Amino acid sequence: FHPFFRRGIAVFEEKDNLQPFEEAKLYGHNATHALAAYLGRMSGVERLSELKAVPGAIPFLRAAFLEESGQSLIRKYGGQDSLFTPAGYRHYVDDLLQRMMNPYLRDTVERVGRDPRRKLGWDDRLIGTMRLALSQGITPHRYAIGAAAALAIIEPLVLKQDLPLAEILLPLWAAQQPDDEEVATILALIEESVARLKSEKLF
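In terms of our numbering, the sequence shown has 510 at position 202, counting the first letter as 1, and numbering is strictly consecutive.
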C-alpha cells in the first residue's frame, strides 16, 4: 500500500459486535418511529411533525424511547459502547426525535405506520421491544399503547367491542412458536392498552 493509504473510511467506525447496534436501531429508532406513527393516527394528524402540536405526544415518545427501550438496551449492553450509557442514549434519543419531527421531511403517519401486521411481529419493532424490556425487568406500557393502536388499524372493532385479541395476534406470531407465559404477559399489556384507548386516554 502507498505510505499515505489509510484502510477504511474515516466516517465509519468498526465494531466487533454489531448486534447491540442492530437492536438499538430496531428496538429504539424503528420502534419509536412506528409508535409515533400510530399515536399520530390515533391523534388524527397527517404528518409526524404535527405531533409537536399534540399535548403530551413528544414527552410520551421521549419517555418510551429513554425509559423503556433505552433502559433495556443499557441494562443489556452497558459497558460495550458509549451509546449504551444514560448520556449516550439520551443524545441518541434527542437527535432522532428531532429528525423524526422535522417538518421539512413531510413524513406521513400513513407511510411510517404501513404494514402494521409486520410491525406487530413477534421479533419486530413493537412486540420485540416489549419483549426486550420485559427481559430486562422493565414494563413497556408505552410501546404496548403503540401495539394496541397498530392493532386497531388491523381491526378497528377492537376499540368498540370486546374482541379476543389473541385471535388476531397469535397467527402473526405462530411461526416463532413463542413461550406461552411470555405470550400471556404481552397479551395482557396490550389488552390493558386497548382499554386505555377505548377510554380515550392516549397519553
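Don't take each hint at face value.
To be verified - When the alpha-carbon atoms are kept at most 30 Å apart in a straight line, the in silico DSSO-like pairs for lysine-lysine are as follows: (1) LYS468 x LYS509; (2) LYS506 x LYS360; (3) LYS360 x LYS333; (4) LYS384 x LYS468; (5) LYS333 x LYS384; (6) LYS506 x LYS384; (7) LYS509 x LYS333; (8) LYS506 x LYS468.
These are calculated hints, taken from the structure and not from any lab test.
Everything numeric in this text was worked out from a predicted model, so none of it was measured.
Tell me, which hint numbers fail for this structure? Hints 4 and 6 not satisfied by this model.
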